[in-house]
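**Student:** Here is what each chain is made of, one letter per residue.
Number of protein chains: 2
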Amino acid sequence: MTVDAHILAAFRNAEGGAVSGEDLATRLQISRAAIWARIEELRQLGYEIEASPHEGYRLKKCPDLLHADDLLARLDGKQLIGRDIRVFKETTSTNDAVERVARDGEAEGVVVFAETQTKGRGRLGRRWISPPGRGLWFSILLRPNISPQSITQITVASAVSLRRAIKTVTGLVAEIKWPNDLMLNGLKIAGILTELSSEPDAVKHVVLGIGVDVNLTSEDIPEELRNVATSLRIVTGRKLDRAALAIQILREIDRAYASIQEGMFEELSNEWASGCATIGKDVTIEMGGRLLQGRVEALDQDGALLLRTEHGRLERVIAGDVRIHPS
Amino acid sequence: MTVDAHILAAFRNAEGGAVSGEDLATRLQISRAAIWARIEELRQLGYEIEASPHEGYRLKKCPDLLHADDLLARLDGKQLIGRDIRVFKETTSTNDAVERVARDGEAEGVVVFAETQTKGRGRLGRRWISPPGRGLWFSILLRPNISPQSITQITVASAVSLRRAIKTVTGLVAEIKWPNDLMLNGLKIAGILTELSSEPDAVKHVVLGIGVDVNLTSEDIPEELRNVATSLRIVTGRKLDRAALAIQILREIDRAYASIQEGMFEELSNEWASGCATIGKDVTIEMGGRLLQGRVEALDQDGALLLRTEHGRLERVIAGDVRIHPS
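Protein sequences, first through last, are from chains E and X.
For the first sequence, position 317 (counting from the first letter as 1) is numbered 320 according to our numbering, and the numbering increases by one without interruption.
For the second sequence, position 85 (counting from the first letter as 1) is numbered 88 according to our numbering, and the numbering increases by one without interruption.
Just so you know, the hints here were simulated from the structure itself, not pulled from any lab data.
We put the beta carbon where it would ideally sit given N, CA and C, even for glycine.
Mixed in with the good hints there might be a few duds.
To be verified - Here are some chain E residues pointing at chain X (derived, C-beta under 7 Å):
(1) 17
(2) 40
(3) 154
(4) 197
(5) 200
(6) 315
(7) 318
(8) 321
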């Protein structure tokens, strides 16, 4: 942990109480002047820190920004996902940033956040809106020991993790739309973009990209998307602590990823099915220019949809655009 | 085409005859002095070019090197594969080089050759020996309109193409060992490394890496590999024209790739099966730590092996290490 991370962790442990500059200096084995300099830096970033001569420092308010050291300080140090966190003010796409990290040979678990993306991507190269400071736009480097054919498991596990975290932080229960969206009131609240690098029989790495519309106002959402997308702020009517949500999501993904690696996908798959707006519905699926109609029966062990077509055949669908028919 | 490519094409059309400097200058709309300067450059590269005052220039001998302009001049200009050819003297791995080209957004068909690779790779990160000037080490950027699940089709099509090209140039009929090797006299002569970048349902790009042991002497092959690998030179007893073989391979791959894109994989698959040392044999296949025993029955429409196991079940094998049992 960096000095900043230690200081922020001390503030958090004090729960609003004072932290002695002298204690911090002793614990971190640096001078009190050095502590003071770090406190000044944190103030520059927007942390409101009160100093009183006898008590020490007191954290009054955190800024609405993602701070890598702060996020690290709040995660369990034994956690794989987020063992290394990097926050960019701006990037083209966090998936591209993590792709570069992957090609540099980094081990899995690295997470890259950006306050804004200039070329945010959804599935199949579609545009993903990511206005500065309004959402969580991040990507995770994974090197899973599963076959390329089972890669949809990662998307499914992530959808379940996102749903759990959103419930914990907001109390809202999102619906899952196969394969990669989370919905509230029928509008998109979050999306997942799983990108794979592999040989035919071996995964080299996976870049798991996640976008959550946290604090977007309706003005932040382009007019043509307002009947498609919403945000947690619009639904709850209040601004959320993005860092708290980010931490909760990383915790859930860490847990779910461990389950997959241990071959325990079934449990996730069951939870996914129970939260899924797609199962049991009559749908039209477009996959690679081909249209399939039928009723979604279940998810298979690799995360593929099993669709009972109009003609009674059971088709296995790995991915595609699903339109749910009004019932 | 570059000026060099035009000059080399003119030499080739003259079939050993003389090419007038004045004609070249007129056709290319540059000065005779500029033509002379290019001829000097080509001489520096090792092209033996004779000049006589009345006749013009005559190409006596080509050097044993891969020259991008020369390769381009010898390919059909309408060909997709090799529409852009780059030759590096040295690179880590041509697959890495093409991966970078892919991420820069280049269209498919780019081919990167290297005279030597410092980190040549085989399947699953295994080492691939690529001594300078002795073989063909190259990679091709593809953006096929097929599903990630059908990616083995690319490997199969490439194996068939390599086999055809080697037959045309040397007269030798290589055996195919599933999924990615070509063999002569039971020893490896060429290998294919297919690397995929995709979303779960959409291929972003494929890097098709090919290594052909052309002119390696037995001293070039590390001792521990001499009972595993050989070269065309060792088998035929003569040094081959690497550029001629490269051209023939690119032509065949262009043709086979077009077939796949048109959904005509079956024809390739049949040719593959007829040249395959693996079909009909009793084998042990190791895939991801799991051992499978049985007899190989066929290839399916995605290029996967269909294995009849000891227990009579038909297993579909996407990739793995195959050991053929002595019959």
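**Student:** Against each hint, give a clear statement of whether it holds in the structure.
**Tutor:** For each hint, the structure was consulted:
{"no.": "1", "hint": "17", "verdict": "violated (45 Å)"}
{"no.": "2", "hint": "40", "verdict": "violated (40 Å)"}
{"no.": "3", "hint": "154", "verdict": "holds (5 Å)"}
{"no.": "4", "hint": "197", "verdict": "holds (6 Å)"}
{"no.": "5", "hint": "200", "verdict": "holds (5 Å)"}
{"no.": "6", "hint": "315", "verdict": "violated (23 Å)"}
{"no.": "7", "hint": "318", "verdict": "violated (14 Å)"}
{"no.": "8", "hint": "321", "verdict": "holds (5 Å)"}
Going through the hint list in order, the structure does not satisfy hints 1, 2, 6, 7.
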